[in-house]
Amino acid sequence: MRISAQAEDFDISQEINLLKEARTDLGAIATFTGLVRDIHGEKRVKKMTLEHFPGMAEKELTKIGVLASERWPLEGLTIIHRYGELYPGDNIVLVITTSHHREAAFKAAEFIMDWLKTDAPFWKKEETEDGNHWVAAKSEDDNNKDRWN
Amino acid sequence: MNLIYFAYIRESIGKSSETIDLPDDVDTVNGLLKHLETKGDNYKTAFAQSDLIRVAVNEEYVSLDRKITGSDEIAIFPPMTGG
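Quick mapping for you: the protein sequence lines, in order, are chains R and E.
Residue 28 in the numbering used here sits at position 28 of the first sequence; the count goes up by one each step and never skips.
If you want the numbering used here, it's the position in the second sequence, counting the first as 1, plus 1000.
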């Protein structure tokens, strides 16, 4: 399992290759990439600053990865979450799951994203044309996590 | 006791961390929040929306009735918005 909270961007094809390297048994690789959007509601987003809790962020991402691995037969797993100053179009988060079959790869990636939204200690602050504000947590995020119970 | 703050709670309080002496009569997270509120309006503002307070003790999420001691590291922050 590769877990990283980092300021730097990630290279998706390089990350896929790390999981594929020297393996011919994998039947499925699912990837999810979360990006900074230039619009939130009606407001133009100029910049997004992601704050995180160093140490605990990696711990929580690891816990979520372990939960997913216990639930589906994964062969490999990568979770990378960025922090710092990001701009529209920039990558925020990457989840890659590999498995022998697609169902496990798809479902585990979705599960990881749903859990990460509510459990990983990251906070977004948006800079819009109306000023700066912290993004509010959505109750639908809790619902999305709970549906896996 | 070491305290760490994140996001708007950090901004309202005006610092990202501090070390305080835990009063003898405070032994829960809730008690700590009430104690901090006596230190100034910045803490009252930070904790005003009590349903938006999340706490981790030694990097583990806990409920507000969790028992604490002076050697714990307490992090206080709003609900997470990563992903």
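Hints are computed from structural coordinates only; laboratory data are not their basis.
This one's a predicted model, so the numbers in the text were calculated from it and none came from an experiment.
Where hints are given, some of them may not hold.
Derived lysine to aspartate or glutamate pairs resembling EDC-like cross-links, with alpha carbons at most 16 Å apart [unchecked claim]:
| id | chain 1 | residue 1 | chain 2 | residue 2 |
| --- | --- | --- | --- | --- |
| 1 | R | Lys63 | R | Asp114 |
| 2 | R | Lys107 | R | Asp146 |
| 3 | R | Lys145 | R | Asp114 |
| 4 | E | Lys1034 | E | Asp1065 |
| 5 | R | Lys138 | E | Asp1027 |
| 6 | R | Lys47 | R | Glu127 |
| 7 | E | Lys1015 | R | Glu51 |
| 8 | R | Lys63 | R | Asp90 |
| 9 | R | Lys46 | R | Glu127 |
| 10 | E | Lys1067 | E | Asp1041 |
| 11 | R | Lys47 | R | Asp114 |
| 12 | R | Lys59 | R | Asp119 |
| 13 | R | Lys59 | E | Glu1059 |
| 14 | R | Lys46 | R | Asp130 |
| 15 | R | Lys43 | R | Glu129 |
| 16 | R | Lys46 | R | Glu129 |
| 17 | R | Lys125 | E | Glu1011 |
| 18 | R | Lys47 | R | Glu75 |
| 19 | R | Lys59 | E | Asp1065 |
| 20 | R | Lys63 | E | Asp1051 |
| 21 | R | Lys63 | E | Glu1059 |
Violated constraints from the hint list, given by number and in increasing order: 5, 8, 10, 11, 18, 19, 20
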